[in-house]
Structure formats: C-alpha cells, structure tokens
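Q: Spelled out, the chains give:
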Amino acid sequence: MRVTSQTYSNLIISSSQSAQQQLAQLQQEISTGDSVQVASDNPLSYQLASQDQSMISQLNAYSSAASVATTATAQNNQAMTNIHQLLAQAGEYATTVSSDTSSTDMGTIATEMSDLLDQLTSVVNQKDSNGNYLFGGTANQPPLTSSGTYNSATNGATQTIEVQQGNAVQTGIVAGRSGSPPVDGFLYDSSTGVDVVGALNQTITDLKSGNATSVMNTDLPALNNALNLVSQYVGSTAASMSAVSAATTSLTQQLDSQNAQVNNLTQTNLPNITVQLQQIQNQYQASLEAGSRILSLSMLNYMGSVPTS
Amino acid sequence: MSSTYNIGLNASLLMGAQSLNVQQTAISTIGNNISNINTPGYARQRVNIVTDQQTGVNGELDMGSAISSVESLRSPLLDSMVQQSLGAKGYADNQASLTSTVQDSLGEQFSSASSSSSTSTTSTGSGAIQSAMSTFFSSLQSLASTPTDSSARAVVASDGTELTSAINSAYERLQSTQGQIATAASATTTQINQLSSQIASLNQQIEFAQAASGEAANSLTDTRTADIQTLSGLVNISTTTQSNGMVNITLADNSSVALVNGIDSNGAGTTQSLSATYNANAAVPLTVSGSTTGALGTGIPSGGSLGSDLDVANNVIGSPAASGNTGLLGAMDGVANQLISQLNTQNKAGYDANGVAGGVFFTGTGAADIAVSSSITSDPSLIAAASAANSPLDGSNALVMSQLQNSASIVPAFQTMVGNLGQTVSTAASNQTTQDQVTQQLQTQQASVSGVSLDEEMTNLINFQQAYSASARFITIISGMFSTLNNISTAG
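As you go down the protein sequences, you meet chains A and B in turn.
Counting in the working numbering, the first sequence runs from 1 upward without gaps.
Counting in the working numbering, the second sequence runs from 1 upward without gaps.
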C-alpha cells in the first residue's frame with residue numbers, strides 16, 4: 001500500500017491520543033483509588049457493588065437496631081433478676097413466720113414486705129432512656145399504680161426488634177395483669193393463676209392480720225409460684241441477650257464480608273495499575289520518539305545539492 | 001515505430017518550447033499538490049503526459065510531449081466507503097459523548113472513603129439517589145426500634161425530603177440535558193441545510209466548468225467531496241452521481257427525502273430542508289421533519305450525529321411515564337411512582353404516634369414532583385410507625401416500610417436502571433473506538449490513492465526540473481544550429 005506523509009501524521013496523532021486516554025484513565029484510578037466510579041467503567045461490577053452497598057446500608061441499620069436490642073434485653077434481664085431477688089427475699093420473710101408468730105414481728109415483716117412491693121413497683125414501672133415504660137406493653141403505661149395494684153391501661157403487645165433479615169428478637173416483655181381481660185406476663189399468668197402482686201399483697205394483708213396459718217399454707221406457696229414464674233423470665237431474657245449477641249457477631253462478619261466484596265469490585269489494584277501505567281508510558285514514549293524521527297525525514301533535507309542547470 | 005525524420009529546425013524549436021510547457025505544468029501541479037497536502041478532501045493531481053503525435057505527408061510523426069489531462073486521483077469505491085464510515089463515526093462519536101453526559105447528569109457515582117469497618121476500607125456512596133434511598137430506609141429501620149423517639153421521626157422526614165430532592169434534581173438535569181441535545185440537533189439541521197446548499201452550488205459550478213473546458217473540475221470536485229463527507233458525519237445519506245457530474249443526495253433512511261437534486265436544495269424543486277422539533281412532554285420528544293414530508297418518523301434519521309441526537313434524546317433519556325414511559329425518565333417515574341404508592345399504602349395501614357390511622361407519606365405522581373407530605377414534614381409524629389392504634393411503642397409498621405427497599409420495583413429497579421445506562425455508555429465508548437479504527441483504516445487506504453506524499457512530489461519535482469533544464473538546453477542547441485546555418489549563408 002502506498003504510504004503518504006499524512007499517513008504518518010495520522011498514525012502519530014491516533015496512537016498518542018489513545019495512549020493519553022489510557023494514561024488519563026489510569027491516573028484517575030490511581031489518584032482516587034477507585035477502578036469503578038461510574039457505571040460505564042464496569043457496568044456489571046457497578047451493579048453488583050450497588051447491590052452490596054444497599055446490603056451494607058441495611059446491615060448497618062440492623063447493627064444499630066441490634067445495639068438498641070442489646071440495651072433493651074440487658075435492661076429486661078436486669079429487671080427480671082432484680083424482681084427474682086425481691087421475690088426470693090419475700091419468700092424468706094414469709095418463711096420466718098413459721099418460727100416467729102408474734103403479732104409485732106409479723107407487723108414488722110409486713111412493713112418489710114411492703115417495702116419489697118414498693119421496690120417491685122419501682123422496678124416494674126421503670127423507663128428506658130427515651131422515657132418509655134419498659135413493661136406496660138406497647139401502650140407506654142406504668143404496669144402498676146402507685147398503690148401497688150395493676151394498671152388496667154397496659155396491654156399485652158410485646159415489642160420486637162429485627163436484628164437480622166427475618167430474625168426478630170423480642171425486646172419487650174410485659175408485666176401482665178389480672179382483671180378482665182387478664183394480660184399474661186411476668187407478674188401474672190392466667191393459665192396457672194400465678195399473680196405476683198396479688199401474692200405479695202395477700203401476704204402483707206395476712207401478716208398485718210397475724211394470720212400465720214394463711215401465710216405459711218397459702219401465701220408462701222403463692223410466693224414460690226411467683227418466684228418460679230419470674231425465674232422463667234430471667235431465663236428467657238438471658239436467652240434474648242444471647243440471641244442479640246449472636247446476631248451482632250454475625251452482622252459484624254457480614255459487614256466485613258460485604259465491604260470486602262465492594263472493595264474487590266470497585267477499588268484499584270495498585271500494583272497492577274502501576275505496571276499498566278508504566279507500560280502505557282513506555283508505549284507513549286516510543287510512539288512519540290518514532291513519530292518525531294519519521295516526521296523529520298523528508299526528501300527536502302537532501303535537495304540542497306540538486307544541480308539547478 | 002513512427003519516425004521523426006524530415007522535421008525542420010522550427011518544428012524542433014516548437015517541440016522544445018512545448019516540452020518546456022509540459023514540464024512547467026507538471027511542476028505547477030506538484031506545487032499545487034504540496035500546497036494542498038493538508039487540505040481536507042483534496043486528492044492529489046497527476047499530469048498525464050503523452051507523446052505528441054502528428055500526422056504528416058510521410059505518415060505519423062512524434063512531435064515531443066503533450067498534456068492529455070490533469071487527473072485527480074480518486075477511488076470512487078474508497079470514497080464511498082469513507083463517506084459511509086464517516087456517517088457511522090459521526091453517530092458513534094456523538095453517541096459516546098452524549099451518553100456520557102447523560103450519565104453525568106444522572107449523577108450516580110461511587111466514591112470510596114474510610115469507614116469504621118474493622119477489617120477493610122469501606123466504599124461509601126453509590127450515587128446521590130442510591131445513597132439517599134439507603135439513608136431513608138435505614139432511618140425508617142431506626143424508627144422501628146425507637147418509635148417514641150421524636151428525633152428519629154424527624155430524621156425520617158428529613159431523609160425522605162433529601163431523597164425526593166435528589167430524585168427531583170436528577171430528573172430535572174436529565175430533562176435539561178435532553179433540551180440541550182434538542183438545541184444541538186436543531187443546529188445540526190441548520191448545518192445540514194447549509195451544506196446541502198453548498199453542494200448544490202458546487203454541482204452547478206462543476207457542470208459549468210466541465211462544459212466550458214471539457215476537463216474535469218478537480219478542485220471543485222474535491223471541495224464537494226469534502227462537503228459530502230462532512231454532511232455524512234451529520235446525517236446518514238445516499239449519493240448518486242449523474243452523467244453530467246452532479247451529485248444527488250437523499251436521506252439513507254428515506255430516499256424520498258432529497259437534500260440535493262442537481263442544482264436544487266432546501267426546498268427548491270423536489271428537495272427539502274430539515275428541521276428539529278422538541279416537545280419534552282411528547283411520547284417521542286425529539287423529531288426531525290422534512291419541509292414537505294413533515295415528521296420523518298421515529299428514529300429517522302438513524303445515522304450521523306443527528307441520528308445519535310435522536311437516539312439519546314428519545315431512547316436513552318426517553319419520555320415521562322405520563323407520555324411515553326421510555327428511557328431513564330420513564331424508569332425514574334416508575335421507581336418514584338412505586339415509592340409513592342408502596343410507602344403510602346403501608347403508612348396508611350399503620351397508626352401514628354397519636355394513635356390515629358396514617359395518611360399519605362409521599363405526594364406527587366412521579367420523579368418530577370415526588371415530595372414528602374407537608375403534613376409529615378411539619379409534624380413527623382404523623383408517620384405511622386405502629387401497626388396498632390394506641391401503641392406508641394410499636395414500630396412494626398415502620399419496619400415493614402423500611403423493608404420496602406427490597407421491593408423489586410424500588411431500589412433494585414433503580415440499580416438496574418443505572419447499570420443499564422452504564423452498559424449503554426460503555427457500549428457507545430466501545431463502538432466509538434471500533435468505528436474510529438475502521439474509519440482510520442479506510443482513510444489510510446483512501447490516502448494511499450489520493451493522498452499527497454512529500455517525498456514523491458519532491459522526487460517528481462527534481463525529475464521535471466531536470467527535464468525542464470534539458471528542454472531549455474535543447475532549445476539552445478537548436479538555436480545554435482540556426483546560428484550555424486545563418487553563418488553559412490552569410491559566409492556564402
């Protein structure tokens with residue numbers, strides 16, 4: 001094929017333009033650390049990374065939810081433990097009636113039992129950091145009145161927090177109440193008839209009236225049943241704490257995995273890119289060198305010696 | 001073999017003078033070639049020199065050299081292929097540039113930043129809208145955990161507003177880009193009409209010049225070829241060369257739309273001028289019309305930069321859902337519409353912080369007007385986070401709302417839309433590279449026939465210069481012979 005002067009110019013312009021475009025792309029990748037910035041850089045990687053990014057966002061939200069759930073389940077477990085201790089204490093007080101049945105002593109015990117009821121009311125009516133009642137269901141009402149009786153405004157709906165896709169942890173436990181309709185919870189169980197507050201109030205009443213027989217035969221078993229009921233809740237809240245802890249660990253692992261995937265898809269492989277940069281630079285340099293040598297050659301350079309006549 | 005006997009000295013002198021003319025013309029042609037080495041469309045010219053044969057009483061006589069023609073070296077096949085390739089290149093170049101601009105207008109970019117991840121650097125921000133979507137749904141998820149937290153409600157309202165603003169802005173930018181493409185298309189049709197006029201004028205000049213001299217009008221033909229190649233880059237055309245040297249031009253997609261017919265263009269005779277019409281709310285926003293045929297039809301013309309203007313404006317950017325529901329605008333309307341519909345349905349299914357059934361969360365019908373309800377922005381307690389009445393601690397409805405991000409028609413649909421656009425941009429860039437190479441190869445082949453080589457011209461220049469010197473010496477010698485004869489006669 002016949003080659004003309006313009007052919008060289010076009011080739012040099014074309015090859016230098018191509019090299020410059022590649023250098024600009026590589027320079028951008030190195031300076032930003034991203035091999036994929038817009039979808040056209042690598043449509044498939046971009047789309048996969050976008051999906052991963054959405055997943056990361058969801059996982060971060062789940063992590064926040066798990067943090068709230070950790071606090072809530074820890075509060076629940078602590079409250080159940082406290083109530084368990086109060087009821088154990090109440091049982092011990094009631095047991096002392098068997099060996100000491102003086103009306104004065106029973107009155108003193110009744111006073112101490114009343115203090116326990118006050119403490120129970122305080123624990124049951126506690127609020128979270130947002131000022132919400134922990135154990136009144138979703139109605140945000142105190143489970144017990146100031147006089148130590150059930151508040152009929154509470155409900156039995158329990159709060160759950162989803163800490164992973166499809167993994168909702170029960171973070172709300174309800175105190176429950178007797179009455180109509182009754183609400184089952186850690187203070188009242190309609191299936192067994194266990195009534196924690198009722199048992200304490202009845203014990204106090206019997207102690208005040210000096211009815212040692214009722215205390216020993218009726219109230220003490222009722223208190224023991226109450227203790228058993230709360231024990232179940234101590235166990236279930238501890239299980240919830242474990243579930244949240246496991247979910248948190250899993251979330252951290254998933255987050256790390258997703259972040260690693262996004263990085264693999266979008267981040268620059270510096271060693272590879274640096275080698276590519278060097279290759280393109282060499283190619284560019286060679287192209288310019290060859291071009292400048294060829295362009296400077298012409299018949300014009302050798303025409304000075306041509307005779308004119 | 002013819003002989004040259006019985007040629008007189010006068011005839012020899014004339015032959016020498018004729019030779020000087022021939023060599024001088026050849027040298028002038030070389031000068032012209034060198035001068036036009038960088039002129040677009042120029043084809044190198046060659047002086048065709050033949051033996052000047054004359055018939056005398058003794059038969060055929062060779063009387064030196066003569067110029068039979070000054071030929072412009074062209075390959076009609078390569079010219080035609082380059083013309084078609086330039087049409088495809090015009091389309092590919094413009095397509096790559098416009099689709100990249102559209103991608104920039106959408107504004108979805110990845111950027112990396114350090115984060116709290118324990119083992120690696122985290123990429124954050126997958127584009128303005130995708131980030132806003134993630135943030136919005138995450139804030140709903142947070143609200144589900146803390147439904148009585150008024151600040152969590154305010155964050156949901158605020159993040160919702162940021163999301164709708166991002167959607168509104170991107171939609172507006174895309175429509176603005178579409179308008180700019182329409183303006184460019186209009187300017188392109190003006191340029192097409194001007195070139196048509198120039199080509200028709202050149203047709204006329206070429207016919208006159210050839211009729212007057214009987215020779216090919218090389219320079220005018222070169223200029224016309226350059227104009228036709230420029231026109232090919234703007235719109236895909238078909239050309240037909242007539243016996244009188246004129247070129248007729250029609251649209252390749254519709255041969256009944258004549259741009260140039262002999263000396264006619266822009267509506268004269270059977271020709272038409274082109275114009276572009278833009279209506280942002282039409283199913284096909286950008287159309288091209290012929291002055292007599294009217295709208296040319298969807299996707300016509302399909303080539304040249306005008307063809308890519310139409311493709312990007314009508315298919316890549318597309319039209320709103322209410323009009324044609326195509327391209328990015330249609331897809332964004334679809335995502336926004338689903339966002340509005342699904343969030344509103346779920347919000348209405350729940351109960352707000354006051355125990356009242358939820359109302360509308362988003363207002364509007366599509367990406368252009370989607371907004372968070374003014375009731376909610378002014379009072380975030382109206383967000384229906386609960387699934388049951390009078391359950392302020394219940395955030396289960398907010399959780400269901402947050403899970404709508406996984407609905408195929410919202411976040412995944414938007415991600416697919418962005419991915420598809422990326423594929424379109426990538427394909428356009430790839431096509432541009434391929435078409436550049438094809439055009440470059442064809443132009444190199446064309447240059448191998450028509451291009452000027454300085455080395456070649458310089459070599460020929462020396463040849464003709466030496467021939468010129470020799471001819472002059474020949475005349476001197478003949479002149480000397482005349483003197484010799486004169487001296488004989490004087491001496492006698």
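Since the hints were derived computationally from the structure, they do not count as laboratory data.
Here the structure is a predicted model, which means the values were calculated and not measured.
Do not rely on the hints blindly, as some may be mistaken.
[Claimed, not checked] In the SDA-like style, the derived pairs of lysine to any residue whose C-alpha atoms are separated by at most 25 Å in a straight line are:
| no. | chain 1 | residue 1 | chain 2 | residue 2 |
| --- | --- | --- | --- | --- |
| 1 | B | 348 | A | 166 |
| 2 | A | 127 | B | 135 |
| 3 | A | 127 | A | 172 |
| 4 | A | 127 | A | 165 |
| 5 | B | 348 | A | 155 |
| 6 | A | 208 | A | 166 |
| 7 | A | 127 | B | 387 |
| 8 | A | 127 | B | 444 |
| 9 | B | 348 | B | 27 |
| 10 | A | 208 | A | 270 |
| 11 | B | 348 | A | 208 |
| 12 | A | 127 | B | 390 |
| 13 | A | 127 | B | 348 |
Q: Would you check the hint for residue 348 of chain B and residue 208 of chain A, treating anything up to 25 Å between C-alpha atoms as holding?
A: 55 Å, violated
Q: Sort out whether residue 166 of chain A lies within 25 Å of residue 348 of chain B, counting only the CA atoms.
A: Holds, at roughly 23 Å.
Q: Residue 127 of chain A and residue 387 of chain B: Cα distance at most 25 Å?
A: 22 Å, holds
Q: Under the criterion that the straight-line Cα-Cα distance not exceed 25 Å, is the pair residue 127 of chain A, residue 444 of chain B satisfied?
A: It is violated: about 84 Å lies between the C-alpha atoms, which goes past 25 Å.
Q: Could you grab the alpha-carbon distance between residue 127 of chain A and residue 390 of chain B and see if it respects the 25 Å cut-off?
A: 18 Å, holds
Q: Given the proposed pairing of residue 208 of chain A with residue 270 of chain A, does the C-alpha separation stay at or below 25 Å?
A: With a Cα-Cα distance of about 82 Å, the restraint between residue 208 of chain A and residue 270 of chain A is violated, given a limit of 25 Å.
Q: Are the Cα atoms of residue 348 of chain B and residue 27 of chain B separated by 25 Å or less?
A: Violated, at roughly 91 Å.
Q: Straight-line Cα separation of residue 208 of chain A and residue 166 of chain A no greater than 25 Å?
A: Judged against 25 Å, a Cα distance of about 52 Å means the pair is violated.
Q: Given the hint that residue 127 of chain A pairs with residue 348 of chain B, does the C-alpha gap stay at or below 25 Å?
A: Violated, at roughly 30 Å.
Q: Taken at face value, is the distance from the CA of residue 135 of chain B to the CA of residue 127 of chain A at most 25 Å?
A: Since the Cα atoms of residue 127 of chain A and residue 135 of chain B sit roughly 29 Å apart, the hinted pair is violated (cutoff 25 Å).
Q: Verify the proposed pairing of residue 127 of chain A with residue 165 of chain A, using a straight-line Cα cut of 25 Å.
A: Distance ~28 Å between residue 127 of chain A and residue 165 of chain A Cα, so the pair is violated.
Q: Are the Cα atoms of residue 127 of chain A and residue 172 of chain A separated by 25 Å or less?
A: 12 Å, holds
Violated hints, in rising order: 2, 4, 6, 8, 9, 10, 11, 13; the structure is consistent with all others.
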